[in-house]
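Visitor: Residue numbers (UniProt numbering), protein chains in the order written: chain A, 1 to 300; chain B, 1 to 300; chain C, 1 to 300; chain D, 1 to 300.
Treat the hints as calculated values from the structure; they're not laboratory data.
Don't take every hint at face value.
Which copy is meant is left open, because identical chains are indistinguishable; a pair holds if it fits in one copy or across any two.
Stated by the list, open to error - Straight-line distance between alpha carbons at most 25 Å, and here's what the computed PhoX-like set of lysine-lysine pairs gives: (1) K239 with K6; (2) K239 with K265; (3) K239 with K275; (4) K265 with K6; (5) K6 with K275; (6) K239 with K288; (7) K6 with K288; (8) K275 with K265; (9) K275 with K288.
4 protein chains.
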Amino acid sequence: MTPEQKAEIEAARADPQPTLRAVSEGMEAHLYRAHEVLDHGFVRVIDYMGDDAAITQAARVSYGRGTKAVSNDEGLIRYLMRHWHSTPFEMCEIKLHVKLPVFVARQWIRHRTANVNEYSARYSILDREFYIPAEDDLAAQSVTNNQGRGEALTGEEAARVLDWLREDSTRAYDHYEAMISQEGQQGLARELARMNLPANIYTQWYWKVDLHNLFHFLRLRADAHAQMEIRVYAEAMCKIVADWVPLAYQAFEDYRLGGAQLSAKGVECVRRMLKGEEVTQETSGMSKGEWREFMGVVDA
Amino acid sequence: MTPEQKAEIEAARADPQPTLRAVSEGMEAHLYRAHEVLDHGFVRVIDYMGDDAAITQAARVSYGRGTKAVSNDEGLIRYLMRHWHSTPFEMCEIKLHVKLPVFVARQWIRHRTANVNEYSARYSILDREFYIPAEDDLAAQSVTNNQGRGEALTGEEAARVLDWLREDSTRAYDHYEAMISQEGQQGLARELARMNLPANIYTQWYWKVDLHNLFHFLRLRADAHAQMEIRVYAEAMCKIVADWVPLAYQAFEDYRLGGAQLSAKGVECVRRMLKGEEVTQETSGMSKGEWREFMGVVDA
Amino acid sequence: MTPEQKAEIEAARADPQPTLRAVSEGMEAHLYRAHEVLDHGFVRVIDYMGDDAAITQAARVSYGRGTKAVSNDEGLIRYLMRHWHSTPFEMCEIKLHVKLPVFVARQWIRHRTANVNEYSARYSILDREFYIPAEDDLAAQSVTNNQGRGEALTGEEAARVLDWLREDSTRAYDHYEAMISQEGQQGLARELARMNLPANIYTQWYWKVDLHNLFHFLRLRADAHAQMEIRVYAEAMCKIVADWVPLAYQAFEDYRLGGAQLSAKGVECVRRMLKGEEVTQETSGMSKGEWREFMGVVDA
Amino acid sequence: MTPEQKAEIEAARADPQPTLRAVSEGMEAHLYRAHEVLDHGFVRVIDYMGDDAAITQAARVSYGRGTKAVSNDEGLIRYLMRHWHSTPFEMCEIKLHVKLPVFVARQWIRHRTANVNEYSARYSILDREFYIPAEDDLAAQSVTNNQGRGEALTGEEAARVLDWLREDSTRAYDHYEAMISQEGQQGLARELARMNLPANIYTQWYWKVDLHNLFHFLRLRADAHAQMEIRVYAEAMCKIVADWVPLAYQAFEDYRLGGAQLSAKGVECVRRMLKGEEVTQETSGMSKGEWREFMGVVDA
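Turn these sequences into a full structure, and let the hints steer you where they fit.
Guide: As C-alpha cells, this is what we get:
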C-alpha cells in the first residue's frame, strides 16, 4: 500500500456515523483496512449487512413460534447449518475490494452468484504489478495428480523459472506501455494492447456476495485441494468472517470445512466396521479411489 | 399494527450505534417503520447497504481514471442508467419485511434474483387476516383486455362479491382452526390444514434484493399494467428508494418508469414523421396493436 | 387425463423425426406421457437435452487429456459427483409439464434456479380440481416435530376434516364461478376472483431446469423429511431421471440420496469408536439433537 | 480446423437418430459444424432444445385460452418480445462449443446466467495459438471515447505493434513449454506455468444458455459499442439463432437490436417536435451527451 492509500483508509475510518442498522463490532474493526495477500494483493471489507442475530431473526420469521423453543442463537444457527437451511444465511451480505492476479480472478469468477465490478482495461491503464511466486511456492507438477503440486523446484530450474516470469512480465509491460503511448504516435487502443499482458498481472474488483454463497466459495477454495494462490485469499476471508458472524463461522467450520460426506456405501461400511466386521476395499463395494478417500476420513 | 408491534419498532429505533459504513440519512428515517399497504399489509425496511456514492464508487473502480472526468455523481449515475450498466447498481442492497396476501406473493416470487425467508405454514399457524378489497377496487373484468380490469362493480353484484369473500374467508379459517386444534382430538398436521386457506390470506417474508434487480421489479410492478394489489407495494417501495438513493431513483424515473422503447419500425416512423411525412398504420409496417401502442408514446 | 388429452399425447408421440443431437433412448419412452401423482396431478417430460455421455464430454473439455485416463464414463461420472463438480451436470437440461396443488407449487418455486411458465389466473379461468388427501394420508400433527406428521387421523375427526376440505373447496369454486360470470352482470375481474380459491386447487406449469439443480431439488424433496405431497412428485421425477441418465442417477443415489454428512465432531467420534473407545453423547461434544442424528447414521 | 477435427464433425453428423422432441430444421444443419471467428476461433452448436413453437407453447400454458385468440405464432412471439415477457423465451436452450482468446472470454463470462465448462489449464496444457489482429483491425485509441477505437494504425507504428504481439506470444509460450517440461527436470506445476501466458492465447469452453439470456448477451455484444473481438462472435451467433428460431430472431431484431430507448425527456421532446415546436438541447432539459444520443435516434 502506498502512504496515500493508507491515509485514505485512515480518513475513511476516522468518521463514524450513527446508524439504526445491525452492527457487528468485529467487522467494524476490519472496515476498509487491507489484508495483504500474495506479493501485491489484498482483501478489504468495504461494506457489510447483518450479523449473527440477522440470521436467527430471518429464521424466526420463517419458522415462527417453533423456533422460539430453541434456547439460543448458537443452537439455532448450528441447527440451520446442519440441516442445509440456506436462506437465513443469505440475509447477510458482504462487499469486498480485492486485488488479485488475473489467473486467480479467472477461477474466482466461476462462482456466479455474486456481484462484480472489475477494473476495466478497456477504459483504463493497468498498473505494472505482477505476481512472482516466492521460491518456496514454486511447486513442481504433482506426479500423481493431474491438477496438483509436488515439491518445490530447486537450484537452476527454480532460478530459471523465476527469471523467465520476471523478464517476460517486464518485457510484456514495457511493450504494453509503448504500444498505447500517444507521444509522437497514434497509440494502440487500450482494449487491444491489454492482450499482450500475462495472467500474473494484478487486477482488482469489488465483489459482493451473501453469506450462504460466500460459505460455498470458502468451502471449495479454503480446501486443501484448491490452488494455493486462491486459497490464501479464502483463508484471509475466513478470518474476516470469523470476526463478522462468529457463531455462523463456527458452525461452518464444524459442519462444512471440517466435516466429511459419506456415500451410501461409506455409511454401510462404517456400520459394518462398528459391528466389528473387517472391511477391505474388495468387500466395500468401492473403487480404489473411493476407498482411499474413505479411509482418509475414518482412519486418520 | 398492534401497540406491541409499535413499541418494538420504537425500541429498535431508540438505540443508534456508530458505524464506519456508508450511511443514507434518508433511509435511516425509514428503518423498521411500517408503511401500510392494502388493508392489513405493510412494507418495512430492516436493513440496507450503500447509497448513491456507493454506485459511483463501484463504477470508478471499473472505469478507472476515465470516470473521474465526469464532473459529478449525478451525471455519472445518469450515464450508467442510460447505457444499461447494471453492475454498479448491484452494489446496493436492501432487506424488507413485507406482509402481503398470498396471491400477491405468488406474483412477486416470480422475480427470482432475490433472497427470501417466508413465514412457514408447515411450522407455524397463520393469523386470521384476509385481504378484502375496498368497494372502489372491486373491478369488473375488462372487456378489451384478457388480464385487465374495467369499472368497479356496483349495487347488488358488488355487495354479493364482498359477502362471499368475507364469508368464505371466515369459514375457511374457522375450519382451519378447528382441524388443527388438539383439544380432545389429534389435530391435523399444519402442513395439511393450510390447504383449506384461500389466496387472500396474508403471509409475510423477509425479501432482500440488490438495487439493480429492485429497479427491474419496480419497472414491471409500478407499471399501469400491473395488478393494482401488487402495484401499491411497488409504489410504497418507490418512495422508500427515492429517499435512499435519490440520484439513482431520479435517473430510474426518467430512463425507465417514464421512458419508452421504440422498435426499429417505430424509430423509422418517428424519423419519417419528423421530416413531415404523414404516416398511418397501413404505411408504418406495424400491426394494429403495435401502432396503437406506438401512438400512445408519440401522440399523447 | 381426458380421452382428448390422451389422444393429443399419442399424436405427439406418433411422428419421430431425425436429429443429429444426443438421444437418450430411456427418455424418448417417457416423452409427453403423463405420470400420475396425487389425485389429479401429473408430471410429463416435454423436452430434454443431453445424456450421460454429454456429462463426460463436457468434463473432458474442461479437464482435457487428464480425464481420458479415466477408463470409462461410469467411473468419471462417479468421480465428478463425489468431488462436487457441478458444471458437467449443468450441461443436461429437462423441461417438464407439471400439474400440482398450489400449496405444493409454493414450496417448489423456492428453488430459484429454474425457468417457469405457470398457468395465469389473471388471464384464464382455473379448472375445478382440488387435492383431497386419501384417508391414509390425513396425518396428525407430529407431537415431537414442529413441521412433521404423526399417525393418520381416524374416525369422526378424519371424517369431519374430509368433509370440510371437500365442502369448502366446492363452495369457494361455486362462488368463484358466480363472481366472474358475465351472464346478466359485469363479472368480477379474474385477477380478483381467484383470491377466493384455496391452496389445494390445482395449477400447472412448464418447469425447465438443468440436471445439477434438479439433483439438488430431488435431494431435498425426495427426502423423508419433505412434505409427502411434494415428495411424491420428486419420486416420480427420480424414476424419469433414472431412465434418462442412468449412470448419473446411480451416482446421485449413492453419493447424495443415500449418503450422509458428518460434522468435524462426527468424524472425530467415528474415529474414536473405530479405535474401540466407547463414545456417549456426553463425551461426543455434540448436543442431544446432533447426537441423535449422528446415531441415526452410524447405528442403524 | 485440422483434418482430424473435420472428420470428427462429419462422423458426428453422419448418424441421425429418431426423436420425438421438437426439431428445428435450420439448426440441424448447423450442428457440430465450426463457424470460424477471428484467426483461430470458432463457434459450434453442440446441442439445442426447442424451436419457435416451443416459445408459443409455453406462453399458451401461461396465458391459457386468451392467447388462442392471437391468430398465429408470429404475432404472439412479437407481442411477447414487445411486452418484455421473458419466461417463454427461457424455454429454449442452446449449447455451444466456443474457442476464443482469453481477453474475450473474460468479457463474456461477465454474463452470469449461463452454464460453462472451460478447458482447465490446471489439468491440461494449452495449445500454442494466439490471436494476432489483422492489420486493418489494429485500431488506435479513440480520442473522444475512453473505451473506443479510432482509425487503424499505420506504417512503422503498426508494424512494431504486430512484431511485439507475435514475439511476446512466442517467447511466453516457449518459456511456458520449457517450464513445464519434465525432460531432465521436475517441471513446474501447470497451474503455475500458465501465469506466463498472455491474454491473447486461445481457450475454449462449452457454454449453455437459454434463449432469453442469449438475446440479452447478443443485444449488448452485437452492438456497435462492443469490442470488435467479441462482436464477431455475437454476429456469428446471430446467424445461427436466425436459423434456429426465425420468428423469435426477427422480433429480436426489430424490438431490441434495431430499436431505441427514449427517456421521459426524450418522449416529451418527440411529442413537442411532432407538434411543430423547434426543440434544441438548451430547451430539451437534456445534457449535451444525452441530446447527442437522442439526435442519433430521431435524426439520422
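Visitor: Which earlier hints turn out false for this structure, listed by number in ascending order?
Guide: Of the numbered hints given earlier, those the structure breaks are 3, 4, 5, 6, 7, listed in rising order.
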